[in-house]
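A.B. asks: Which chain is which? The protein sequence lines are A and B, in order.
Using numbering that gives the first Met the number 0, read the first sequence as starting at 0 and increasing by one per residue.
Using numbering that gives the first Met the number 0, read the second sequence as starting at 0 and increasing by one per residue.
Mixed in with the good hints, there may be bad ones.
Said to hold, decoys possible - Covered stretches of chain A (in silico footprint by chain B; criterion: 3 or more residues with CB under 8 Å from a CB of chain B, positions within the stretch not fixed): (1) 251-262; (2) 292-302.
Unchecked claim - SDA-like mimics (lysine to any residue), calculated; alpha carbons at most 20 Å apart, straight line: (3) B/LYS30 <-> A/ILE109; (4) A/LYS139 <-> A/TYR102; (5) B/LYS29 <-> A/PHE248; (6) A/LYS192 <-> A/THR344; (7) B/LYS30 <-> A/ASN348; (8) A/LYS250 <-> B/ASP95; (9) A/LYS292 <-> B/LYS68; (10) B/LYS29 <-> A/GLU255; (11) A/LYS292 <-> B/ARG98; (12) A/LYS297 <-> B/ASP72; (13) B/LYS29 <-> A/ALA253; (14) A/LYS250 <-> A/HIS189; (15) B/LYS29 <-> A/TYR102; (16) B/LYS29 <-> A/LYS163; (17) A/LYS42 <-> A/GLU91; (18) B/LYS41 <-> B/ASP11; (19) A/LYS250 <-> B/ILE119; (20) A/LYS23 <-> A/HIS189; (21) A/LYS286 <-> B/ARG27; (22) A/LYS192 <-> A/ALA270; (23) B/LYS30 <-> A/LYS42; (24) A/LYS292 <-> B/LYS41; (25) A/LYS250 <-> B/PHE31; (26) A/LYS142 <-> A/MET116; (27) A/LYS286 <-> B/PHE31; (28) A/LYS192 <-> A/GLY289; (29) B/LYS30 <-> B/GLU14; (30) A/LYS286 <-> B/ASP11; (31) B/LYS68 <-> B/ASP11; (32) A/LYS250 <-> B/ARG27; (33) A/LYS163 <-> A/LYS286; (34) A/LYS286 <-> B/LYS120; (35) A/LYS292 <-> B/THR94; (36) A/LYS250 <-> B/ASP91; (37) A/LYS23 <-> A/TYR188.
In case anyone wonders, no lab produced these hints; they're calculated from the structure.
Here a beta-carbon is modelled for each residue, glycine too, at the ideal position from N, C-alpha and C.
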Amino acid sequence: MQANSAKGQQNNWGRQSSDIQNIKLADVIDLKFLQRFQDDFAKGVGLASVTVDPDGTPVTNPSSYTRFCMDYTHSTECGDKRCAESHRKGGEEAARTGKPVVYECHAGLIDFAAPIMLEGRLIGTILGGQVLTELPDEAKYRKIASEIGVDGDGYIEAVHEIRKLSRESIEAAANVLFDVANSMSKSAYHQRKLKAVVETLSDGVSQISATMEELAATATSVSGTQSSLNQEIKNVNTVTGKIDEVMEFIKDIADETRLLGLNAAIEAARAGEAGLGFGVVAQEIRKLSGDSKQTVGKIKELTTSIKESVDKTVSMGNETTSIVEQQAAAIQEVTASVQELLSLTEQLNDLAGEV
Amino acid sequence: MANIQLVVFALDNQEYGIDASAVNGILRSKKFKIEFLPGMPKEIAGMINLRGQIKFIYNLRMKFGFAEKALSDESKFIMLNVNDSVCGWIVDEVTDIVRIDDAELQNAPAFITGVNNSYIKGIGKVDDRLIVILDPERILSIEDVESIESAAVVK
């Protein structure tokens, strides 16, 4: 039973450790909430934003993307590829440092990448930015436009629409997103862990409860067996008592036989010479009765010793019964405590589910 | 060599003997109920019904001045033929019936027989055992027997 519970615990821990490997962003953050938050944040601060999983696949819709990015940079295959590469690099840097990174993208805009980490493992990244910190240098954007194959004039026009923000503002915005997303996922993850622990606890307590019930049943059956054992042993005493009665009867016969021998000897004596032979017979009878009486004594010693043993056994049996009763009482107390524990773990489970 | 047979009995761990020819038989005391007789000397324990006949039982302890002792499982009545009637003595146990050669018999010391009406007939030796041989006729004196007989008639 012990080996089983140890094994059960190992399995539970195993489940938990594999949990962290398989955990997805959606497991710890409500994506609808994230989308709303990201949209509002983007609008409020004037930064574009999107959240991706560790592979770079978006898990939210882009918020407040600029025309510069949507209509121009992403419009060609080359531009799209360069964007993806730029995001990957930013994301990698963020994952490596575990902190938000602010960098210039391939198209000359300022972007940031805020990693969402859980126990040192990357589960997602919030990408954003699409802003500038200073007025654009037109020549630089014409060159990029020609590289990715979009209209230079349109591109210049679009870059002028890009919002200007100080680097501090961008970093602060990235930090806000990083802090919110990480603390949310962390608390959600802790809650999951708590739930798993509560489940383990609940399983353990249930097992204890079941074992206690088994123990209680066993104690009852031991008590019953002991009672019948005591009864059976007492029967032995009754039988030895009957043997003693029979022995008493045999002793009486021996006494009577001896008397017969004595009286016969007296008759023989009175008969004088004629009674000599009969006298010998009378003596034999007396001797025989003496032997019988001695045997009776020996048997009585044996029955007495049987009685003593039986009495000892009965008293030990009674002791066993009282010990078993004490055990049963203790088991009942433990069972009550375990029931309380069980209801506590149920409450814990409800709490873990609510948060 | 001439010899006699003795019925040997015990009273307070001392062995006494009676000539077997005077003994009528031995009874187990537990088989009988001694009926108390009022107005009798304390030497007479009472009477028993032996096969339809009334027999008187003597308490030898009283006669000898020993302490009173309740009857046990082993107690016996030795029934004696004395003065043409049968009466019994209560004894602790009948231990033996022995044959003693005259050579092993010693008469009672003269100072005992001489001074008073002694009950002791002599001392018998059987190996290491010394057996006090009693004289039933002297123990159950004529007066005693007569007083019993008359009491029984009055009753």
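A.B. asks: Each hint: holds or not?
C.D. replies: Hints, one by one, checked against the model:
For the stretch 251-262 of chain A, the stated coverage by chain B is satisfied: 5 residues place a CB nearer than 8 Å to a CB of that chain, which reaches the threshold of 3. For the stretch 292-302 of chain A, the stated coverage by chain B is not satisfied: 0 residues place a CB nearer than 8 Å to a CB of that chain, which falls below the threshold of 3. With a C-alpha separation of about 132 Å, the suggested pairing of B/LYS30 with A/ILE109 is violated against the 20 Å cut-off. Our distance criterion of 20 Å between C-alpha atoms is met by A/LYS139 and A/TYR102, whose separation comes to about 17 Å.
At roughly 14 Å between alpha-carbon atoms, B/LYS29 and A/PHE248 fall within 20 Å of each other, so this suggested pair holds. Between A/LYS192 and A/THR344 the alpha-carbon distance is near 15 Å, which keeps this suggested pair within the 20 Å criterion. Under the criterion of a C-alpha separation no larger than 20 Å, the hint pairing B/LYS30 with A/ASN348 is inconsistent with the structure, at around 88 Å. Proposed proximity of A/LYS250 and B/ASP95 is supported: the alpha carbons are some 19 Å apart, at most 20 Å.
Proximity of A/LYS292 to B/LYS68 is assessed by CA-CA distance (about 24 Å); at most 20 Å being required, the pair is judged violated. Under the criterion of a C-alpha separation no larger than 20 Å, the hint pairing B/LYS29 with A/GLU255 is consistent with the structure, at around 11 Å. Restraint check for A/LYS292 and B/ARG98: the C-alpha separation of about 25 Å exceeds 20 Å, so the hint is violated. At most 20 Å may separate the alpha-carbon atoms for a hinted pair to count; A/LYS297 and B/ASP72 meet this at roughly 19 Å.
Annotation: proposed proximity of B/LYS29 to A/ALA253 holds, straight-line Cα distance about 14 Å (limit 20 Å). For the given pair, A/LYS250 sits about 89 Å from A/HIS189 by alpha-carbon distance, which is inconsistent with the 20 Å threshold. Pair hint B/LYS29 plus A/TYR102 does not hold up; C-alpha atoms about 127 Å apart against a cutoff of 20 Å. Taken as a hint, the B/LYS29 and A/LYS163 pair is broken in the structure, with Cα atoms around 135 Å apart against an allowance of 20 Å.
The suggested pairing of A/LYS42 with A/GLU91 is violated, with an alpha-carbon distance near 26 Å, which exceeds 20 Å. For the suggested pair B/LYS41 and B/ASP11, the alpha carbons sit about 19 Å apart, so the restraint of at most 20 Å is met. This hinted pair does not check out: A/LYS250 and B/ILE119 have alpha carbons roughly 35 Å apart, beyond 20 Å. Distance restraint check for A/LYS23 and A/HIS189: the Cα-Cα separation of roughly 14 Å lies within the 20 Å cut-off, and the hinted pair is therefore satisfied.
For the suggested pair A/LYS286 and B/ARG27, the alpha carbons sit about 18 Å apart, so the restraint of at most 20 Å is met. Restraint check for A/LYS192 and A/ALA270: not satisfied, since their Cα atoms lie roughly 115 Å apart, outside the 20 Å limit. The straight-line distance between the Cα atoms of B/LYS30 and A/LYS42 is roughly 127 Å, outside the 20 Å bound, and the hint therefore fails. With a C-alpha separation of about 35 Å, the suggested pair A/LYS292 and B/LYS41 falls outside the 20 Å cut-off, and the hint is violated.
A hinted pair counts as satisfied when its Cα atoms are at most 20 Å apart, and A/LYS250 with B/PHE31 qualifies at roughly 18 Å. About 37 Å separates the Cα atoms of A/LYS142 and A/MET116, which puts this hinted pair outside 20 Å; it is violated. For the hint linking A/LYS286 to B/PHE31, the alpha-carbon distance of about 25 Å lies beyond 20 Å, and the restraint is violated. Between A/LYS192 and A/GLY289, the direct Cα distance comes to roughly 90 Å. Violation of the 20 Å bound is thereby established for this hinted pair.
Simply put, B/LYS30 and B/GLU14 have alpha-carbon atoms about 24 Å apart, too far for the 20 Å limit, and the pair is violated. As the CA atoms of A/LYS286 and B/ASP11 are separated by approximately 24 Å, the hinted pair breaks the 20 Å bound. Note on B/LYS68 and B/ASP11: the hinted pairing holds, with a Cα-Cα distance of about 10 Å set against a maximum of 20 Å. For the proposed pair A/LYS250 and B/ARG27, the alpha carbon gap of about 13 Å is at most 20 Å, so the pair holds.
About 137 Å separates the Cα atoms of A/LYS163 and A/LYS286, which puts this hinted pair outside 20 Å; it is violated. Annotation: proposed proximity of A/LYS286 to B/LYS120 is violated, straight-line Cα distance about 29 Å (limit 20 Å). Taking the CA atoms of A/LYS292 and B/THR94, the gap is near 14 Å; set against the 20 Å cutoff, the hint holds. Straight-line distance between C-alpha atoms of A/LYS250 and B/ASP91 comes to about 18 Å, which keeps the hinted pair within the 20 Å bound.
With a C-alpha separation of about 10 Å, the suggested pair A/LYS23 and A/TYR188 falls inside the 20 Å cut-off, and the hint holds.
In terms of the numbered hints stated before, the structure departs from hints 2, 3, 7, 9, 11, 14, 15, 16, 17, 19, 22, 23, 24, 26, 27, 28, 29, 30, 33 and 34, listed from lowest to highest.
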